[in-house]
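In the order they appear, the protein sequences are chains A and B. Taking numbering that gives the first Met the number 0, the leading residue of the first sequence gets 0, the next gets one more, and so forth. Taking numbering that gives the first Met the number 0, the leading residue of the second sequence gets 0, the next gets one more, and so forth.
Read the hints as simulated data drawn from the structure, not as lab findings. Only a predicted model underlies this, so the values are computations on that prediction, with no experimental measurement involved. Among the hints, a few may not be true.
[Stated by the list, open to error] Here chain B is said to cover these stretches of chain A; the calculated rule only asks that three of the stretch's residues, wherever they fall, bring their Cβ under 8 Å from a Cβ of chain B:
| id | segment |
| --- | --- |
| 1 | 59 to 66 |
| 2 | 108 to 116 |
[To be verified] In silico negatives: residues of chain A with every beta carbon more than 10 Å from chain B:
| id | residue |
| --- | --- |
| 3 | Met0 |
| 4 | Lys5 |
| 5 | Trp12 |
| 6 | Ile15 |
| 7 | Ala38 |
| 8 | Lys94 |
| 9 | Ile100 |
| 10 | Ser121 |
| 11 | Gly133 |
| 12 | Tyr139 |
| 13 | Ile144 |
| 14 | Asn156 |
All C-beta atoms, glycine included, are put in the ideal place defined by N, C-alpha and C.
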Amino acid sequence: MKQFLKLAVKPEWHEIEEARNKTTKFLKSLGLATDSVHALTMVMSELIENSVKYGNFPLPADNVEVDIHQDENIITVEVINPVNPVDESAYNHLKKLDKTIQWIRGYQDPFEAYVEKLKEVSRRPLNDEESGLGLVRIAYEGKAILDFFVGEGGSLNVSAVSNFQGDNYGKD
Amino acid sequence: MYLPFQIFREIIMGKIELYEDNLLQIELIENKNSINMVWTGKSIHRKPSEFITPILAETIKKSTATKKRIILDFRRLAYMNSSTITPVIKILERAKRGTIQITLLYNKSLKWQDLSFSALEIFQTKDGRVDIKGVDNHVS
Chain A
0 MKQFLKLAVK PEWHEIEEAR NKTTKFLKSL GLATDSVHAL TMVMSELIEN SVKYGNFPLP
60 ADNVEVDIHQ DENIITVEVI NPVNPVDESA YNHLKKLDKT IQWIRGYQDP FEAYVEKLKE
120 VSRRPLNDEE SGLGLVRIAY EGKAILDFFV GEGGSLNVSA VSNFQGDNYG KD
Chain B
0 MYLPFQIFRE IIMGKIELYE DNLLQIELIE NKNSINMVWT GKSIHRKPSE FITPILAETI
60 KKSTATKKRI ILDFRRLAYM NSSTITPVIK ILERAKRGTI QITLLYNKSL KWQDLSFSAL
120 EIFQTKDGRV DIKGVDNHVS
């Protein structure tokens, strides 16, 4: 049976912790191993942080939508936020998102991509606060395949699909 | 004679400073041979560098002056966002190129810590001056 969690989260930083707690509770209810619960909560967390940082929320009712669903050994985490592709900063973010996901896919093992990113980020100035590690961490620690699309209604949908079959990262 | 717990700990463990930000606590314990930086809780700030970098910078200054090894102890950390990794790896990279001594301790029994921190072995030096160490035990 497919099980899912849907959340509407206000695009404010302090709301993320509650979403994280609800996600952890839901994943535990699926009977997943503690390590998998932690990894998937991290995936949701990194995606929602990006949404809050880079999404466009012009209306008070605009939220970040989180949709987590399980289909056998596959867990999909989707995070959706309004986006305005004609806005220059939003357009640049989409270009960067596309480039990063393609770059990660270029590596057979996401660990190699993660290490490359660590080296690159570590050489930046101390006062440069941009991390740029979130997506590659999702691919490496979350064992997830990342994808995204922009919907007709102007929403950015970023998904991370993790397969826990055949490894010890599954149930306890 | 009665000693308050804090004074008792300082006598036993050395000078202690406590820093808190949201759900994250960093305890700095300076003793005879090392400066221990113990991370507890969750690091979930939007810009964790604003809180972490000044503490790290001050610790490096002390370490340079006293030649004491810095111990970055993450074993009690429950969660960190990717923005938290940034200031840590910048310090490790600079330490690798410099002269200060750093040991990073993590809990190998926790899968997420093992994945996150074992990747930082790229910053280790052959002489052990910068050391990334996974400890296979549980911290209460």
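Hint by hint, here is what the structure shows:
With 0 residues bearing a CB less than 8 Å from a CB of chain B, the segment 59 to 66 of chain A misses the requirement of three and the coverage assertion fails. Coverage of a stretch by a chain is defined here by at least three residues with a beta carbon nearer than 8 Å to that chain's beta carbons; for the segment 108 to 116 of chain A and chain B the count is 3, and the condition holds. Every C-beta of chain B lies more than 10 Å from that of methionine 0 of chain A, the closest at about 27 Å, which supports listing it as non-interface. The Cβ of lysine 5 of chain A lies farther than 10 Å from every Cβ of chain B, with a closest approach of about 22 Å, so its non-interface assignment holds.
For tryptophan 12 of chain A, the condition that its CB be more than 10 Å from all CB atoms of chain B is violated, with the nearest at approximately 5 Å. The non-interface label for isoleucine 15 of chain A is inconsistent with chain B: the shortest C-beta to C-beta separation is roughly 7 Å, within 10 Å. A cut-off of 10 Å between C-beta atoms contradicts the statement that alanine 38 of chain A is not in contact with chain B; the least separation is 6 Å. No beta-carbon of chain B comes within 10 Å of the beta-carbon of lysine 94 of chain A; the shortest separation is about 20 Å.
Under the 10 Å C-beta cut-off, the non-interface status given to isoleucine 100 of chain A relative to chain B holds; the minimum distance is some 16 Å. Once the 10 Å rule is applied to beta carbons, serine 121 of chain A is inconsistent with being away from chain B; the minimum gap is 4 Å. For glycine 133 of chain A, the shortest C-beta to C-beta distance to chain B comes to about 4 Å, within the 10 Å cut-off, and the non-interface label is violated. Once the 10 Å rule is applied to beta carbons, tyrosine 139 of chain A is inconsistent with being away from chain B; the minimum gap is 7 Å.
The beta carbon of isoleucine 144 of chain A sits about 17 Å from the closest Cβ of chain B, which is more than 10 Å, so the claim that it is off the interface holds. Every beta carbon of chain B lies more than 10 Å from that of asparagine 156 of chain A, the smallest distance being close to 21 Å; the non-interface claim holds.
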